[in-house]
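Engineer: Please construct the entire structure, taking both the sequences and the accompanying hints into account.
As a plain string of letters, each chain reads:
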Amino acid sequence: MSAVRSTLVGAVLATLRRDLLIAYRRKNDLLNPFMFFVLVATLFPIGVSPEPEMLGEISAGVLWISALLASLLAMDNLFRADFEDGSLELLMLSRHPLYFLVLAKNVAHWLVSGLPIVLVSPLIAYMLNFPEGAYSTLVLTLLLGTPVLSLLGSIGVALTVGLGSRGLILAVITLPMSVPVLIAGTLTVSQTLEGASLSGYLAIMGAMLVASFTLAPLASAAALRVSVN
Amino acid sequence: MDWTWFHKWGSPKWFYELSGKWLPWLVGAMFTFLLIGVTWALLFVPEDYQQGLTNRIFYVHVPVASISLAFFPLMAMSGTVFLVWRMKLADVVVKVAAPLGAWFTALALASGSIWGVDTWGTWWVWDGRLTSLLLQFFLLLGVVSLRTALEDSEGAARACALLSIVGCINVVVIKYSVDWWNTLHQTSSNFTLAADQANGPEIWLPLIFMIVAVYLFFAISLILSTRNEILQREKRAQWVMDLVAKS
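Sequence order for the protein chains is A and B.
FYI, the numbering for the first sequence is 1 to 229, going by this note's numbering.
FYI, the numbering for the second sequence is 1001 to 1247, going by this note's numbering.
These are calculated hints, taken from the structure and not from any lab test.
Take the hints with a grain of salt, since some may be wrong.
Partner residues are not named here, just some residues of chain B that face chain A (Cβ under 10 angstroms, in silico) [claimed, not checked]:
hint, residue
1, Val1117
2, Ser1132
3, Val1143
4, Cys1160
Ideal Cβ placement from N, Cα and C applies to all residues, glycine included.
Structural biologist: This is how it looks when you write it as structure tokens:
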């Protein structure tokens, strides 16, 4: 052990680096949310209709719902492995505020599971006959919205991390909470198509991001203290 | 400042005895208000010129819907009290309020649907109010299922208190975002509460009676289920054993 006492920034960066490294080493976890997103989006043309016009109309919703479900599925990885091998307890014993460490874990998790989805979304959007002229809005809203989904989801994960089988209960807790993001995201896209000014909508999504970025880790950290004894 | 009044709430036994004294009065008051309100609303209020007799469900739907909005604030407040002062009674309230709130919300949705089928011609529309109430219903069920899933009672209590606080904030956000969504996508003009035209005292006075009756009913249900939960939790305490031996 080195005698150097770690700084807060150092601890946050170390957590970030560790989580990214683990994700990189476990490439399956990296690929699964991405694959899930693509698969769910594929189900809609098959299940609803392959008609390009119909698809174009629902494509924004399809992409957002697929992103929501993929983020929900990926949430399970956020604390579980760390909880099982005990490193989560070590993280909580650290003398740094848990708030920042949870935030670092959230950021790492989003970089691994959310960002790839945002990046691939234009491709899937093209396949769904997404209306031209709203691609940049779609990517921008997903870029602002998916971190909110992760941050909200992490509260649910933190509450249920001690449970054996929690897939469904996590969904029951998290999905209703994600509705405002879904509404804001799809509305922004449809308003772009109608030619409305975007600044207000993007400001609201940005406000959601800022609010959840500052508040959600507080709840997640408190929930972790409840779940992990 | 004297805090004894506050610390008394920490004793389930004290609450049990006090609420036992309140209950007959509350029940009596509820039945009085209910009897007056129901008779007035169902028999003497003039028929709505458009909706006819159907409009009378207004007197059930509005009180039930308004009380169902009170559950998340109630649970969040009790949850905060529990987290801050570790007051057992507050957790009992969080626990019993969740299923009760789900019932009231379901009742509000059901009475609204029955009203809607005659006035809007459909059981369900994705209107802002309906959607936000439905989501609140799901959130309450989430709190209930979290409580069931976490068997450890202390951990479950804290987790549910936390989820109630988060849920309370979320219900507000959902409410605003859903209204925003709906107002942009409004397709029909008859989504607003239709009773606002020319509502004189003969319309709203019976409503006041019904609101008071339903609020009393809510208080009674909450107290009864709280008492039940207290007895279950304190079943090894001497005073509960004495109580059982007496009865």
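Engineer: All hints, please: hold or fail.
Structural biologist: Quick rundown of the hints versus the structure:
1. Val1117: 25 angstroms, violated
2. Ser1132: Hint on serine 1132/B: holds, closest Cβ of chain A at ~9 angstroms, below 10 angstroms.
3. Val1143: 8 angstroms, holds
4. Cys1160: 9 angstroms, holds
Hint compliance for this structure: hint 1 alone is broken.
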